[in-house]
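Enquirer: Here is how the chains run, residue by residue.
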Amino acid sequence: SAVISQKPSRDICQRGTSLTIQCQVDSQVTMMFWYRQQPGQSLTLIATANQGSEATYESGFVIDKFPISRPNLTFSTLTVSNMSPEDSSIYLCSVGLAGDSNTGELFFGEGSRLTVL
Amino acid sequence: KQEVTQIPAALSVPEGENLVLNCSFTDSAIYNLQWFRQDPGKGLTSLLLIQSSQREQTSGRLNASLDKSSGRSTLYIAASQPGDSATYLCAVDYKLSFGAGTTVTVRA
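Note that the protein sequences, when read in sequence, are chains A and B. FYI, in our numbering the residues of the first sequence are 1 to 117. FYI, in our numbering the residues of the second sequence are 1 to 108.
Hints were generated in silico from the structure; no laboratory data involved. Zero decoy hints are in this set.
BS3-like cross-link-like pairs, simulated, lysine-lysine; straight-line CA separation at most 30 Å:
| # | chain 1 | residue 1 | chain 2 | residue 2 |
| --- | --- | --- | --- | --- |
| 1 | B | Lys42 | B | Lys1 |
| 2 | B | Lys42 | A | Lys65 |
| 3 | B | Lys1 | B | Lys68 |
| 4 | A | Lys65 | A | Lys7 |
| 5 | B | Lys1 | A | Lys65 |
| 6 | B | Lys42 | A | Lys7 |
Which bits of chain B does chain A cover? Going by a derived footprint, with three or more residues having C-beta under 8 Å, they are:
| # | segment |
| --- | --- |
| 7 | 37 to 44 |
| 8 | 98 to 107 |
Partner residues aside, some chain A positions facing chain B, computed with beta carbon under 10 Å:
| # | residue |
| --- | --- |
| 9 | Ser1 |
| 10 | Ile4 |
| 11 | Gln41 |
| 12 | Ser42 |
| 13 | Leu43 |
| 14 | Thr44 |
| 15 | Ile90 |
| 16 | Leu92 |
| 17 | Cys93 |
| 18 | Leu106 |
| 19 | Phe108 |
| 20 | Gly109 |
| 21 | Glu110 |
| 22 | Gly111 |
All residues carry an ideal CB built from backbone N, CA and C; glycine is no exception.
One chain only, chain A, in its complex shape:
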C-alpha cells in the first residue's frame, strides 16, 4: 500500500481567493489522480496528474480553474482558483501502484475539506 498525506486537511476560504492542496506519497508512483466529492455526492475525477507534463483533465474541468503540478513521482498539488461556494467539497488525491497499468489497486489520501464562504 501507499501512505498519502494531504495538506490542508480542511480550510475555510473567502469567495474569489485560491487555495493550493498538496499531496505527498511515501513512494514513487506513476499514476496520481485528483478527485472532488461534493456534499452528499460520490467522487468525480478531476484530472490525472502527469509527471513532467501537463495534467489530463476530465470533461467539465479546466486547467484555468484547477491548475495541477506534478514536479516529481512523489508529490502533486491541486489549486482551486477563484473559488465560489459551489467549490465547497472534499478534494482527494489518489495513487496507483501498478506502474502504468490500469489493473492496479488505487489508494486515497484523507482528503482536504474546503468550505467557501
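Start from chain A and add chain B according to the hints.
Expert: Then chain B, alone, in the frame of chain A:
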C-alpha cells in the same frame, strides 16, 4: 460512459447480521472493480480489488463477487459489527467511475 449504481442507498441492521451490498455497472468491458469504505469526513479506505478475470475476492469477514457479463458485483460482510458503520463505495477501472455509495448503520 460507464454508469455505476449502488443499491440500497442506505441500510440499517442489528449487530451480527450479514450485510449484502450491491453494485451494478453498464459497460461490462472493465479491467477491475474496487470496493472502498469511507467514514464521515474522511478519505477512502480500499477494501477489496477484483480483477476482471476473477470472480471473487475475500479478506477476513469481507467477500466480494464479480459477474462481468451481468454487470454486477456484491460485497458481503459477515457478522456485522458497529465498527462496520460507514459508507461503502464501489468503483470501476483505474479512473474509477464511482457509485453513490451505500451508507450502512450497524445497531449495537
